[in-house]
Each structure stands twice: as C-alpha cells, then as structure tokens.
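Undergrad: Going down the list, the sequences are from chains A and B.
Under this note's numbering, the first sequence has 56 at position 56, and the numbering climbs by one with no breaks.
Take any residue in the second sequence, note its place counting from 1, add 246, and you have its number in this note's numbering.
What the hints contain is simulated information worked out from the structure, not anything from laboratory work.
Given the structure is predicted, the values throughout are model-derived calculations rather than measurements.
It is possible that some hints are incorrect.
Unchecked claim - So the derived label-pair ranges between C-beta atoms look like this:
{"no.": "1", "chain 1": "A", "residue 1": "E60", "chain 2": "B", "residue 2": "G604", "range": "52 to 60 angstroms"}
{"no.": "2", "chain 1": "A", "residue 1": "I12", "chain 2": "B", "residue 2": "D593", "range": "50 to 58 angstroms"}
{"no.": "3", "chain 1": "B", "residue 1": "S577", "chain 2": "A", "residue 2": "K243", "range": "30 to 38 angstroms"}
{"no.": "4", "chain 1": "A", "residue 1": "K64", "chain 2": "B", "residue 2": "D607", "range": "50 to 58 angstroms"}
{"no.": "5", "chain 1": "A", "residue 1": "H111", "chain 2": "B", "residue 2": "N421", "range": "56 to 64 angstroms"}
{"no.": "6", "chain 1": "A", "residue 1": "L108", "chain 2": "B", "residue 2": "I590", "range": "50 to 58 angstroms"}
{"no.": "7", "chain 1": "A", "residue 1": "Y87", "chain 2": "B", "residue 2": "I606", "range": "54 to 62 angstroms"}
{"no.": "8", "chain 1": "B", "residue 1": "D607", "chain 2": "A", "residue 2": "S58", "range": "42 to 50 angstroms"}
{"no.": "9", "chain 1": "A", "residue 1": "S148", "chain 2": "B", "residue 2": "D593", "range": "37 to 45 angstroms"}
Stated by the list, open to error - Cut-off 25 angstroms, straight-line C-alpha distance, at most; resulting in silico cross-link-like pairs (DSS-like, lysine-lysine):
{"no.": "10", "chain 1": "B", "residue 1": "K639", "chain 2": "B", "residue 2": "K396"}
{"no.": "11", "chain 1": "B", "residue 1": "K630", "chain 2": "A", "residue 2": "K152"}
{"no.": "12", "chain 1": "B", "residue 1": "K630", "chain 2": "A", "residue 2": "K64"}
{"no.": "13", "chain 1": "A", "residue 1": "K113", "chain 2": "A", "residue 2": "K126"}
What the hints assert, rightly or not - Computed footprint of chain A on chain B; a stretch qualifies when at least three of its residues, placed anywhere within it, have a C-beta under 8 angstroms from a C-beta of chain A:
{"no.": "14", "region": "569-576"}
{"no.": "15", "region": "582-589"}
From the three backbone atoms N, C-alpha and C, an ideal C-beta is built for every residue, glycine too.
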Amino acid sequence: MLLSIKNLSVSIEDKKILNNLSLEINEGEVHAIMGPNGSGKSTLSNVLAGKEEYNVTSGEIRFKGKNLFDLNIEKRAQEGLFLAFQYPVAVPGVNITPFLQAAVNSKLKAHGKEEVDALTFAKNLKETANQLGFSSDMLKRSVNEGFSGGEKKRFEILQMSILKPHLSILDETDSGLDIDALKIVTEGIHRLRNKTSSFLIITHYQRLLDQIAPDHVHVMTNGKIVKSGSISIAEQIELSGYKKFG
Amino acid sequence: MESLQKIYGSNIEHILGANLDYLQNFRQDLIKNFNLDSKQIQNNESTKHIDRNVLNNLNFKMDSSSLNYQHLTNERLYSSIVVKNGLDYSFINLDKKKVIINPLSSVLDLLINKLEKNKNLFKDDYIVNLNSILLNSGFDFTLNEHTNLKTIVLHENNQLNSTIFAKNFFNIKKNSKLLLIEKFLNKTSSNSNIINYFELEEGSEALHLVIQNNINESNLQFTTHATCHQNSIFNQLIFNCSDTSLSNHHYADLIGEHSEANLKGIFFVGKKYINDNKTNINHLNYGCSSNQTYKGILTDNAKASYLSKTFVDKQGQKTDAYQLSKVILLSEDAYFHSKPELKIYADDVKCSHGSTIGPIDEQLIYYIRSRGINKKEATNILIKSFINDIIEKLNIDSIQEQIEVYLDNYLNQNN
Numbered sequence: 001m002l003l004s005i006k007n008l009s010v011s012i013e014d015k016k017i018l019n020n021l022s023l024e025i026n027e028g029e030v031h032a033i034m035g036p037n038g039s040g041k042s043t044l045s046n047v048l049a050g051k052e053e054y055n056v057t058s059g060e061i062r063f064k065g066k067n068l069f070d071l072n073i074e075k076r077a078q079e080g081l082f083l084a085f086q087y088p089v090a091v092p093g094v095n096i097t098p099f100l101q102a103a104v105n106s107k108l109k110a111h112g113k114e115e116v117d118a119l120t121f122a123k124n125l126k127e128t129a130n131q132l133g134f135s136s137d138m139l140k141r142s143v144n145e146g147f148s149g150g151e152k153k154r155f156e157i158l159q160m161s162i163l164k165p166h167l168s169i170l171d172e173t174d175s176g177l178d179i180d181a182l183k184i185v186t187e188g189i190h191r192l193r194n195k196t197s198s199f200l201i202i203t204h205y206q207r208l209l210d211q212i213a214p215d216h217v218h219v220m221t222n223g224k225i226v227k228s229g230s231i232s233i234a235e236q237i238e239l240s241g242y243k244k245f246g
Numbered sequence: 247m248e249s250l251q252k253i254y255g256s257n258i259e260h261i262l263g264a265n266l267d268y269l270q271n272f273r274q275d276l277i278k279n280f281n282l283d284s285k286q287i288q289n290n291e292s293t294k295h296i297d298r299n300v301l302n303n304l305n306f307k308m309d310s311s312s313l314n315y316q317h318l319t320n321e322r323l324y325s326s327i328v329v330k331n332g333l334d335y336s337f338i339n340l341d342k343k344k345v346i347i348n349p350l351s352s353v354l355d356l357l358i359n360k361l362e363k364n365k366n367l368f369k370d371d372y373i374v375n376l377n378s379i380l381l382n383s384g385f386d387f388t389l390n391e392h393t394n395l396k397t398i399v400l401h402e403n404n405q406l407n408s409t410i411f412a413k414n415f416f417n418i419k420k421n422s423k424l425l426l427i428e429k430f431l432n433k434t435s436s437n438s439n440i441i442n443y444f445e446l447e448e449g450s451e452a453l454h455l456v457i458q459n460n461i462n463e464s465n466l467q468f469t470t471h472a473t474c475h476q477n478s479i480f481n482q483l484i485f486n487c488s489d490t491s492l493s494n495h496h497y498a499d500l501i502g503e504h505s506e507a508n509l510k511g512i513f514f515v516g517k518k519y520i521n522d523n524k525t526n527i528n529h530l531n532y533g534c535s536s537n538q539t540y541k542g543i544l545t546d547n548a549k550a551s552y553l554s555k556t557f558v559d560k561q562g563q564k565t566d567a568y569q570l571s572k573v574i575l576l577s578e579d580a581y582f583h584s585k586p587e588l589k590i591y592a593d594d595v596k597c598s599h600g601s602t603i604g605p606i607d608e609q610l611i612y613y614i615r616s617r618g619i620n621k622k623e624a625t626n627i628l629i630k631s632f633i634n635d636i637i638e639k640l641n642i643d644s645i646q647e648q649i650e651v652y653l654d655n656y657l658n659q660n661n
C-alpha cells in the first residue's frame with residue numbers, strides 16, 4: 001500500500017471541509033477524484049502535501065508505511081509525494097534551473113545520496129524539457145514568472161518528470177488547457193506511470209481521463225468519497241452531473 | 247553627558263587643524279548651535295532614527311602604535327587603500343600618473359576650501375556637524391582626466407571604544423571612470439562617522455559599492471554627497487549586512503545637464519539594532535535622471551527607516567526620477583518606517599515612487615517547500631530573489647560574486 005487515508009476529518013477556522021474520508025492507493029495505480037466545486041478536493045491535495053493552515057480533527061494518513069503527519073512539507077516531498085498545484089505561484093528572480101537542481105539535491109541528500117552537479121543536472125533537465133516540448137529559453141526564466149496559465153501547468157508536469165515522485169497529486173492540472181497542452185500532461189503521466197509510481201488526479205473533465213484510463217474513479221461530495229468505481233462513473237457525471245451523488 | 251565644548255576641548259590635540267583660525271571659528275559656530283541633550287536631536291531628521299547610545303558614548307581615544315596593514319586584494323587590476331583607525335594609510339598599486347592622494351592632515355588649506363565650499367550642504371545635519379567639529383582624519387583623492395581606476399578602500403577601526411571622524415574627498419576629473427569599493431569590516435566596539443564627498447566632472451562616471459559587515463557594536467554613520475556635472479553618472483550601492491547599528495545618509499546634486507545619480511541600498515537588520523537610511527537627490531538642471539531604491543530584510547526586534555526625497559528645481563525640466571522602498575519583515579516585532587517625498591517645481595517631469603512593507607509570502611514558502619526544499623533554504627531563496635534585481639544590474643560578475651559571499655554568510659548565520 002502506497003497511500004492509506006482512514007476516516008480523515010479536516011477543518012479550517014471551525015469549518016469542516018473533509019468529513020470522515022477514506023481512500024487507499026496501491027503502487028502503480030492511477031486514481032481520479034471528481035466532484036463539484038467546494039467538495040474538498042483541493043483541501044485533500046493540500047492536506048496530503050502538508051500545508052499547515054488546516055486542522056486535522058481525526059483520522060490517519062500513512063504514506064509508504066509512515067505516518068504522514070510526522071513529516072513536514074519538505075520531508076513529504078523528499079519521501080516522494082508531489083503536488084501539481086491548481087494555481088502555481090510565480091517566484092520572481094528564482095531561475096528555473098537552479099531551483100529544480102536545489103529540489104533534486106534536497107531529495108538526494110535526504111536519502112544519503114550524492115548530489116548532482118550543475119552541469120549534469122542542466123543537461124538532464126534540458127533533455128526532459130525537450131521531450132515535453134519546452135524550449136531551452138524557457139528554462140532560463142524565473143519560476144512561473146510571466147507564464148500563461150497553460151505554461152504554468154506544463155511547468156508543473158516538467159517538475160513532476162524531473163522529481164520522479166512515487167505519488168503525484170494533480171490538482172485540476174487539466175483545467176484551462178488547450179488540446180496540445182493537455183497532451184503534454186498526459187504524456188508526462190504516461191512517461192512516469194509504472195509499477196511503483198502512482199497518481200491521484202483531481203479533475204472536472206472526462207477528456208483527461210479518457211486519455212489516461214485511470215484504474216479507479218471516485219466521486220467526492222461534501223468532504224467525503226461517496227462513490228468509487230471504474231471510468232464509467234466519469235461518463236455518468238458527464239451526462240447528468242453530480243446531483244445523483246449528492 | 248559632557249557638553250560638546252568640553253569633548254572638543256579635551257580632545258583638541260587629535261582634531262585636524264584645531265589651531266587654524268578659520269577652522270576654530272567654523273567649529274565654534276557649529277558648537278554654539280549644537281546641544282547634545284536637547285530635544286532637537288530627537289526631532290532632527292538626521293538623528294531621530296539613529297541609536298541614541300551612539301551619540302551618548304563618544305570615546306575619542308586614538309592610538310597609532312599597533313597599526314598593521316592587511317590589504318584585501320592581490321588583484322593587479324585593483325589599487326588598494328587601507329585606512330587604519332582613521333589615522334594612517336597604506337596604499338598598493340596606486341599609479342601616481344592616474345591618481346593623487348593626500349591625507350587631509352597634509353593639505354589643511356584644501357580642507358578649509360572644501361569646508362567653505364560645502365558649508366551650506368548640510369546645515370541642520372547633526373551627524374555631519376559633529377563630524378566637522380571633531381574631524382580627526384580623512385584624505386583627498388583626485389582621479390586625473392581620461393583615466394580608469396578600480397580601487398578598494400578598507401576602513402579598519404579595531405581599537406576598543408575609539409571614535410573616528412573622517413572626511414574623504416573624491417575628485418573625478420573629466421571623462422574618467424572610477425570603480426570604488428569601500429569595505430567596513432570592523433569587529434571591535436567603536437564608532438565611525440565618515441563622510442565622502444564626490445565631485446564628478448563632465449562626462450565622468452563612478453560606481454561606488456559599499457560593503458558594511460561590522461559586528462560587535464562597531465557602529466557607523468556613513469554619509470556621502472555627490473555633485474554631478476554635465477553628463478556624469480554616479481551609481482551607488484550600499485550593501486549592509488552588519489550585526490550592529492548603522493546609519494546611511496546619501497545625497498546627490500545633479501547640477502549639470504543630463505547628469506544621473508542612482509542611489510541604491512540593501513540592508514539586513516536583526517536583533518535589537520537600528521538601521522537608519524536616507525537618500526536625497528536634487529534635480530537642478532535639464533534632462534537629469536535618478537533612481538533611489540532601497541530593499542531591506544528585518545528580523546527579531548530590529549528597527550529600520552528609509553527616508554527618500556526627490557527635489558526637482560524649476561530648471562529641472564525633463565527630469566526622470568524614481569523612488570522605491572521594499573521591506574520584508576521576518577518577525578512580528580520588527581519595525582520599519584518609510585517616508586518617500588517628492589518636491590517638484592518643474593512642469594515637464596516624470597517622477598514616481600512606491601513603498602511596500604510586509605511579511606514573506608507564505609504561499610511562496612509552501613510552494614518551494616513542496617518541492618523538497620526546507621523552510622530555511624526556501625526563505626533564503628526568496629530573500630535572494632527579493633534583492634537580486636539590484637545586484638544583477640551592477641553587471642560586474644566579480645562584484646556580484648563578492649556580494650553573494652557576504653549574503654550567503656549572513657543568511658547562514660542569521661536565518
């Protein structure tokens with residue numbers, strides 16, 4: 001078991017957002033969560049990533065057998081948990097290449113491995129970026145600064161491809177993307193998808209799931225998972241919305 | 247505390263030109279109007295933000311017996327000046343065809359001329375007036391016409407509880423170019439009050455980079471004034487990562503057409519220390535441009551202020567002036583006071599200012615940490631990015647690297 005969430009309840013400023021939520025993800029599985037706005041999907045992503053403003057009132061989360069609540073934000077990332085942000089923030093003045101090198105080296109260092117030098121890293125980054133359709137010029141820019149919405153999402157996928165996480169959480173990464181950008185997202189997922197890499201994909205749209213073919217689709221309303229099944233659930237939602245799951 | 251008259255009298259043997267009539271009268275006039283205990287000090291803009299302990303603990307002890315010079319550079323490209331305890335100087339690589347340098351003690355007539363010429367510059371500035379009254383050191387530096395020079399000046403004040411009052415005059419002749427790096431790396435409890443006057447003749451250019459890394463209550467009041475003639479450019483960057491209280495007051499008069507002054511600063515202040523910053527640029531002729539940009543990081547119980555002022559005379563048509571201050575507060579107990587001012591008497595100008603104060607953006611920290619980078623490193627990355635635009639615009643790799651060394655040391659020790 002890669003990720004196990006049991007009876008998780010979370011609130012923020014006394015407002016209950018997640019309500020007794022349970023979910024299990026095995027190695028190599030792709031799970032999708034669909035749900036109406038305000039159902040708690042992004043809260044779940046942020047709680048998994050370790051954002052500190054939430055109050056976990058009950059439940060437990062184990063990741064790779066470890067109690068996730070014992071790990072802070074960076075330690076979770078170093079363990080192999082990655083969140084592709086719904087709204088990636090711009091970090092002016094921080095160049096993409098040294099930023100990602102620092103991220104990769106933090107992970108290597110945490111696992112007692114030798115850090116990668118700047119030259120080797122730049123070469124690897126350029127190769128991966130080219131495969132995902134990024135220009136070399138883009139790698140000279142500051143993190144997300146002046147990026148369009150689509151460029152930001154594509155950069156999240158590039159980071160995911162470089163960091164090679166065990167569990168990638170994609171929080172509405174497909175929202176607002178055109179067909180070409182959507183292909184980059186699916187390509188990024190397919191390239192990493194293997195027996196040990198798992199995905200939790202949060203989306204509103206069937207079109208991404210059609211290309212990815214998730215192993216499990218869950219419907220989330222009012223802070224809990226109310227239905228789990230195959231991709232056929234996504235087809236039902238596309239046809240008749242979330243009313244029948246409320 | 248003792249009266250200034252008494253301090254002056256008991257230290258007269260150390261004061262430059264104390265036996266000369268002009269200087270005696272000049273100083274007595276200043277002393278008459280200078281009351282260290284008055285409320286005026288608290289209300290005077292030159293002193294109200296500085297650490298009062300500095301003014302209350304003047305120690306005027308001088309000793310030249312243990313002078314030992316250590317120059318900072320072996321690079322042949324740089325000439326080097328070490329000013330030891332304000333009293334003695336050592337030079338290397340100074341080409342006499344390019345530059346003439348004299349200690350003020352050997353050119354007192356010149357000092358009198360300069361004081362007379364500049365007497366109206368800082369009439370109500372207590373720090374400058376104190377410097378003029380108790381002046382005990384300084385030098386005159388002239389860069390000849392059509393000459394390029396790179397110079398490092400290291401100010402060393404390593405004598406416990408000593409006080410230095412120095413005036414240095416930099417005369418940059420026509421079409422010359424000076425890169426001047428000044429370093430303050432004092433480690434001993436002391437106080438230095440240093441004023442640099444820059445005179446930039448037509449077509450000349452100066453880049454004045456100041457690195458302040460004083461520790462152990464080695465206080466500094468550093469003042470500069472640049473007079474810019476036609477088509478001259480004065481660029482300044484103050485990089486203050488000191489672990490003590492400091493004041494930086496920097497002024498420029500754009501008296502020639504199309505002259506330019508850019509006064510920039512980066513400051514880090516922590517613990518209980520006070521950092522008082524002020525810049526003031528006067529646009530006195532046609533087509534001049536200026537930029538005043540200060541950025542700071544405050545932690546613990548630190549206090550800092552930044553007063554910036556742009557004055558545009560009615561002769562200053564086609565002025566292009568910009569002011570900006572940005573400060574990150576890393577502690578709820580840190581305090582920053584910002585006061586940008588524009589006084590414009592010409593009608594065809596472009597002037598703007600901006601000021602922001604706030605904590606570091608937690609969403610940015612979260613984003614960076616979510617990539618596996620710890621909180622300290624994430625904060626350091628954001629601090630570096632915050633000041634990066636100022637350092638990058640220096641466009642001289644070797645200087646950027648020097649600043650980055652001091653920056654890394656500071657961040658490793660303090661965050």
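Undergrad: Taking the numbered hints from earlier one at a time, note which ones the structure violates and give those numbers from smallest to largest.
TA: 1, 3, 4, 7, 8, 12, 14, 15
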